[in-house]
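Chains W, G and Z supply the protein sequences, listed in that same order. Just so you know, we're using my numbering here: the first sequence kicks off at 1 and counts up by one. Just so you know, we're using my numbering here: the second sequence kicks off at 1 and counts up by one. Just so you know, we're using my numbering here: the third sequence kicks off at 1 and counts up by one.
Mixed in with the good hints, there may be bad ones.
What the hints assert, rightly or not - In silico lysine-lysine, BS3-like type, Cα no more than 30 Å apart, as pairs:
1. G/LYS29 <-> Z/LYS200
2. Z/LYS371 <-> Z/LYS170
3. Z/LYS381 <-> Z/LYS310
4. W/LYS186 <-> W/LYS199
5. Z/LYS235 <-> Z/LYS381
6. Z/LYS146 <-> Z/LYS435
7. Z/LYS245 <-> W/LYS63
8. W/LYS42 <-> Z/LYS117
9. W/LYS42 <-> Z/LYS294
10. W/LYS103 <-> G/LYS146
11. W/LYS63 <-> Z/LYS146
12. W/LYS42 <-> Z/LYS371
13. G/LYS29 <-> Z/LYS294
14. Z/LYS325 <-> Z/LYS310
15. Z/LYS174 <-> Z/LYS74
Claimed, not checked - DEER-style ranges, computed between Cβ atoms:
16. G/SER68 <-> W/ASN97: 34 to 40 Å
17. Z/LYS62 <-> G/TYR36: 52 to 58 Å
18. W/MET62 <-> Z/TYR131: 56 to 62 Å
19. Z/GLY177 <-> W/LEU140: 27 to 33 Å
20. W/ARG68 <-> G/PHE238: 38 to 44 Å
Unchecked claim - Derived coverage of chain G by chain W (criterion: at least 3 residues anywhere in the stretch with Cβ under 8 Å from a Cβ of chain W; other residues may be distant):
21. 82 to 91
22. 110 to 118
Because the hints were derived from the structure by calculation, they are not lab data. By construction, the Cβ of each residue, glycine as well, lies at the ideal position given by its N, Cα and C atoms.
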Amino acid sequence: MRRSNVVRENLTAWIFLLPSLIFLVMFTLYPILSTFISSFYKSDLSTIEPIFIGFDNYAIMMKDEVFRKAFINNIWFTIGTVPTSVLLGLLLAILVNRTFVGKVMSRVFFFYPVVIPMVAVSFIWLFFYTPDYGMINSILKLIGFEELNLLGNSGTALLSIIIMVIWKEAGFFMIFYLAALQNIPKDLIEAARIDGASKWRQFRSVIFPLLMPTTLFSIIIATTNAFKTVDQLVVMTQGGPNNASNLLLYYIYENTFRFMDYGRAATVTVIVLMIMVSIAAIQFFAADKKIHYS
Amino acid sequence: MNRLISISTYILALLWALPFLGIVFMAFKDSSEQGYSLTFRNFIDAWNAAPFGQYYLNTIIIVIAILSVQLITITLAAYAFARMNFIAKGFTFMLILIQIMIPSDVLIYPNSNTIAQLGIYDTKLATTIPYFISAFGIFLLRQTFKGIPYELEEAAKMEGCSRLQIIRNVYIPLAKPTYLAFGLISVSTQWSNFLWPLIITDSDENRPLTVGLSMFAKASDSGAQWGIVCAGTLFIIFPLLLAFLLFQKQFVSSFMQSGIK
Amino acid sequence: MKRIPILLSVIVLMFGILAGCSSSTSERSNEADSNSETIDLTWYYPVNVGGTITEVIDKYAKDFNHGGIKVNGKNVTVTPVYSGNYDETMTKVQTAIKNGKSPDLSVQLSVDLFQIKNSIIPLDDFIKNDYEAQEMVGDFFPGFMKNAQTDGKTWSIPFQRSTVILYYNKDMFKEAGLDPETPPTTWEEVIEYGKKLTKKGQWGIELPATISGYWIYQALYLQNSDSNMMSDDGKEVYLNTDEAKEALQYWVDLNNKHKIMPEGVLDWSTVPTDFIEGKTAMMLTTTGNLTNVKNNANFDFGVAFLPGNKRVATPTGGGNFYIFKDTSEERQQAAFEFIKWITEPTRAAEWSMNTGYIATRQSSYETEALKEYVGAFPQAKVAMEQIEFANKEISVYEQGKIQKIIHDALQAAINGADVNETLDKAQAEAEATLKAYQ
């Protein structure tokens, strides 16, 4: 009797899990495996049947200038977007975590970019960055700069996109910080104040440490985003000028769908996967030590 | 001091609002007139230039289809993980978590191959199928289910309810806030999805709004006309903004929940 | 447990609904095959210009399907499938072939030839025994056949074709004291005029350097050189010749030295906007923009031959018909009959008026409708007359990668990189890319 119950419980559980597992295997597990295998094959327009070439694709990628550029850009993009949008999120959270006239309105303004699609954001900013029309240029002209073709210059293209992404993401992190700030026990701050700690001191020694889990978590989300979103490149620069704004996922996209170079696409996908796994590993490690959710 | 902080908050808020106000300004601007005069022509032109009605319908179908399937898959899986004992439970759960670690967005190359092998290129099924499970949703719901007192399930069992009846009558009603949170996130994420549908669709019958907008605004042999592009952009963000303003509280708390992985 | 079947049936039903949304065109054509009365062709076509082009295409299909054209006694019908822009059509065709569900025919860039050569058939056998077809091929502007032929065979049939032309704002010419009826004809004149036309908030000229920027650069290349930038067999490119370097230097100098063009890389789709909005007095872009500019510019504008240097020249551009290999001979014959039908002079003329593309047949310009149109809108004729000076657009194996190499070099030079080094590097990269085909 008991045994048949166990069997039945197992059976039911697996029936419940089956739909999820089928899709998980189809679109996450099997693709990871197949990409890994594909990365050992040369498969492009000049090869009719894929040819096994071991680690050659990886060697080719290391020498490929466009890939290296995209890789380095992705690192800069991460450095440019992650700390700034997270810190800005914190700042905004502190600013709107008070009672003042227009509190709700301010929160709405800071948060709405999070809700709208990246494609729409890209069109909005494409308009702003275009010479002769954009508000950015009018402002630059006001303060005495020459008109700038921000997306058309290698020096400014990536930076312009970074600024846009910060604008879009800061509100997202503001929300987390807002929640965290509201969860800090009031008496802790009060105690610090009575001890004669200055505002800054209160923040540094009491509030900030308590916000650590949120900060870590925000950094990880922002970092993942930096590798998985390239909608803006499709709309704004196509990775140009001369790859100045190219990112890894866009490189994969171009090699898969424009150049039909599947060997390269697979290889770079594997590299991105390894980056993702390392980020997750950091998260795991950090979560183990410092953060206890649930 | 407080005053100063308020003022700088206002300035920042205005800065944040500027891009949006800018395109609203452009969308209503009559480009054939000197100076600024108000017009709806851009909206009419944009609407006529591309099948936005069809795109709306597609996006709505896609969003609803994904959410409906997700609700079924995550409910069943979350219940299994929260309340059942079975072989390889921990291992299976780890497998599911891989999806949080590696979002399908980066798997465009292998996943497009899978779609080709299934022979469903350029269908709504292809646009939606990779999103039929959400590890995040399973995780979120599992936490909620775990928090529901087990006595309620036992009581239902006494009355002769089957597992599915228990899920339906006990767990789902009590997890409503979580469902709402997950729903809002799923809908707004899918509404915004771009790269995957761009790759996997090739006809107006299947294109969502995001892809439709980019096709229409970047038709490569004719130029972009800002007024019309801005109007088109407003088409795709308007429903989201409206929903956001109406359900502000739920939105904010949903996004906050999404943080607790 | 009794709810499980219900739940499952919900899931199954949902799949059913979604799968029902799929428009599996190939299945349709297979069904048509088993029905021996009709041959229903699947036709992938791209749309690269604004406007309601799909409606025009659907009307063509309807007319054709009622036209009663027969092959082997079977009625031929066609189902057009809109497949996005050129890049997407390429993706779609490749994917379809990969799945063994190749369309019967498609319109793709004339330069995509080498990229899809393994999947298409040469058309010589159809033309050889068909007087009408020979007449058709002879009637196309010879410039448009250049990209269709290689290895002594004809692989595609011109459909929507373009060249690069000069657009200029006549009002601004007048204002600057220039004769609005004599646009610049040489590189020097462009600089001279450009300087007069440049003032605060207004530029002399704009050349786009993204999307199809390589094509604009090829125009300059051809004007400065007697030979083209690639070999006819599509296996070699010549990106770092002295003439190539001069051409690129000229482009770069328009901003750096002469200050008549905005600095930085200019976007393909915003250049026409700048022209329409009066931010630039001249631009170089495709004839495919003619209808767009005509409908939206609220000033008097002219179009003219591209200003030349050593010679007057332009590359051709645009899309051709291809017929695919993986179908039956009967279907291929039917596809060819459809191509003959749709490229008839009156239809080519109509297509040109609807889109701004050049009518592909010389005799189209003898038709009443097009004569009248050109009479009222003489700008439409310039593009046609320029075909005489048209050369093959760059078309090579690994087309996508080579285009990117040219774009990268172009954009690097515009952003200040040394022209010599940039083009030497581009040549080396291109040679490495094409090595597999030597």
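So, going through the hints one by one against the coordinates:
1. G/LYS29 <-> Z/LYS200: Measuring from Cα to Cα gives roughly 23 Å; hence the hint holds.
2. Z/LYS371 <-> Z/LYS170: Holds, because 24 Å separates the two Cα atoms, which is no more than 30 Å.
3. Z/LYS381 <-> Z/LYS310: Roughly 24 Å between the alpha carbons, so the hint for Z/LYS381 and Z/LYS310 holds.
4. W/LYS186 <-> W/LYS199: holds (14 Å)
5. Z/LYS235 <-> Z/LYS381: violated (35 Å)
6. Z/LYS146 <-> Z/LYS435: holds (25 Å)
7. Z/LYS245 <-> W/LYS63: holds (26 Å)
8. W/LYS42 <-> Z/LYS117: holds (20 Å)
9. W/LYS42 <-> Z/LYS294: violated (49 Å)
10. W/LYS103 <-> G/LYS146: Violated, at about 36 Å.
11. W/LYS63 <-> Z/LYS146: violated (37 Å)
12. W/LYS42 <-> Z/LYS371: violated (54 Å)
13. G/LYS29 <-> Z/LYS294: holds (21 Å)
14. Z/LYS325 <-> Z/LYS310: violated (42 Å)
15. Z/LYS174 <-> Z/LYS74: Not satisfied, since the Cα-Cα distance of roughly 61 Å exceeds 30 Å.
16. G/SER68 <-> W/ASN97: 34 to 40 Å: holds (37 Å)
17. Z/LYS62 <-> G/TYR36: 52 to 58 Å: violated (44 Å)
18. W/MET62 <-> Z/TYR131: 56 to 62 Å: The hinted range 56 to 62 Å holds for W/MET62 and Z/TYR131, with Cβ atoms some 59 Å apart.
19. Z/GLY177 <-> W/LEU140: 27 to 33 Å: holds (32 Å)
20. W/ARG68 <-> G/PHE238: 38 to 44 Å: holds (42 Å)
21. 82 to 91: Since 5 is at least three, the answer is holds.
22. 110 to 118: holds (count 5)
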